[in-house]
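Engineer: Following the hints, put chain B in place on chain A, whose structure we already have.
Protein sequences, first through last, are from chains A and B.
Count the first sequence with the working numbering and you get residues 1 to 296, in order.
Count the second sequence with the working numbering and you get residues 1 to 262, in order.
You may find that some hints are simply not true.
Said to hold, decoys possible - Partial chain B-side listing against chain A, Cβ under 10 Å, derived:
(1) 22
(2) 91
(3) 93
(4) 96
(5) 196
(6) 198
(7) 199
(8) 200
(9) 203
(10) 262
Honestly, the hints are just simulated from the structure, not real lab data.
For clarity, every value in this text was computed on a predicted model and none was experimentally measured.
Note that the Cβ used here is the ideal one computed from N, Cα and C, for glycine as well.
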Amino acid sequence: MVVELTAVRKRFGDVEALRGVDLTIGGGEVVALLGPNGAGKTTAISLMLGLRRPTSGRARLLGLDPTDRRARSRCGAMLQESGVSGALTVREAVALFGAYYPEPLATDRVLALAGLAEVARSRVGTLSSGQRQRVFFAIAVCGNPDVLFLDEPTAAMDVEGRRVFLDTLRGLAADGRTIVLTTHHLEEADALAGRIVVVDHGVVVADAAPAEIKACIGTKRVSFRAADAAEVSRLDGLPVAHVTVDGGRVTFVTSEPEAVLRALFERHVPIRDLEVTGATLEQAFLTLTGRPPDTR
Amino acid sequence: MSRGERASVAPLGRMLLAQTRSQVRILVRTPAFSVTSLLLPIVLFTFFGLPFAHLTRHDAVSAGVYLLASFGAYAVGSVMVYAFGVGVALERGMRVDALVRASPLPPALYMLAKVGTAMLFACAALVLLFAYGALMGGVHQPLGVWLTVIVRLLAGAVPFIALGLSIGYLAGPGAAPAVANFVYLPMAFASGIFLPLDRLPSAVQTVAPYLPMHHYAQLAWSAIGSGSEPMAASVVWLAGYSVLFFAVAVLAFRREERARFA
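Bound conformation, chain A alone:
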């Protein structure tokens, strides 16, 4: 096993960030930890990497203590709260971290992989936040790691940057690497991962293939006004995962919006002001957990 969390709890003062998590990740898996801010995703990654210690329970990395140098020599990490001295050039920073690993990739290759060839001679301190994010990615892969931990890797990226980045990750996964990433974008998790672990309030609320998760939480919302909204919301036989009524507006969360609309029209339900949009993660959480994600 690459990652093993066994009955892991983590408490920060009065806040219990993880409340009993069991999670194993095998070699070559691409796993997305999906959840809203404050769900415990970053804490889980910190425990896997040995940056923090569990309050109770056990964390193992590649069968070793996560702080063991042999384990770390096979891992690369991209963290949310981290930095590199701004006085080093991009090339120098990547080469420095490469020297920590037994068999690093050639620096030029890493720079090309991360899309940094053009700014290789620039000081890290002069880069934009998107470019800096790519430097952190380069540092994560420079050691030719078997396991990659990426905490919110696409947070500072634009749409195009995100697309290129996900393509690069797919290439790395195709080499047989294990990738563990956190995100709060369902589409991102779906596009990349073979397995989605949904985390909320410090517990794993779902752990399945993306198709199953999508089917269970719905990916579209069908929203409209109806004269008798409450009655419409109680209609039987609609393929919906979750229903909310807000004033005169009914919102169905569903993975089959066309079927929902067909059923509504067949029953001659008068609707106005129709909207069909992608479901937000908040709605997905409502369907999974019956309550909105924590907003602390």
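Structural biologist: Just chain B, lined up with the frame of chain A:
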């Protein structure tokens, strides 16, 4: 990118070399540090040392030699307090430590590279200062004497590394330079580094024998035949201050550990 068998960890020598090289680059490219530690001692010596360099002290030692030794002690202490104090505070501020922690670099090597880099800078500062004194003030001593001063000052710099680490872990990145200045400069003055003790206020003269800088400078003064206490006494004082400052640094480090990496 084969997934096959390979060495389990990187050679420590390679890590240390790469880490030291990058530390040197970072410090050279931080003028607030490099100018302060390499040029400030020379500037201060120009004002406080050169005018008196031709005089002879009451103990028959050349005032120029005595002052170069004093400013040498100031220079090395300054490199240590700023490299560790300001350097560590800045790294904490930029969160450089988080990525390094997740990497396979052993923390001891990280520290060792910092010490090695600071020693290189201290050595450079002394060579520049002594060369400047010889060229501009005609202050000469046998090479062996200068080498003794350099070796003693480098070896005795431990309490200032510990003082720097305390500042680095206690102060924020914005406050650290001010704290380092506020602690180090008055201590240097009060220890008789820039002006002879008998020219300072009597209250300062009373305090001076208890200050780490005073005993540190004794290492250099005794090498040129102008010391006022046995070497063993200086070493004991410096060891005591090392223990004290390291204890403070360790407490501050643990506080930070609990907050960020517990």
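Engineer: Hint by hint, say whether it matches the structure.
Structural biologist: So, going through the hints one by one against the coordinates:
1. 22: At about 5 Å, which falls below the 10 Å cut-off, the nearest Cβ of chain A leaves the hint on residue 22 of chain B intact, so it holds.
2. 91: holds (7 Å)
3. 93: holds (8 Å)
4. 96: holds (5 Å)
5. 196: Because about 40 Å separates residue 196 of chain B from the closest Cβ in chain A, which is outside the 10 Å limit, the hint is violated.
6. 198: Because about 44 Å separates residue 198 of chain B from the closest Cβ in chain A, which is outside the 10 Å limit, the hint is violated.
7. 199: Hint on residue 199 of chain B: violated, closest Cβ of chain A at ~41 Å, above 10 Å.
8. 200: Violated, because the Cβ-Cβ distance from residue 200 of chain B to chain A comes to roughly 39 Å (cut-off 10 Å).
9. 203: violated (42 Å)
10. 262: Result: holds, 6 Å to nearest chain A Cβ.
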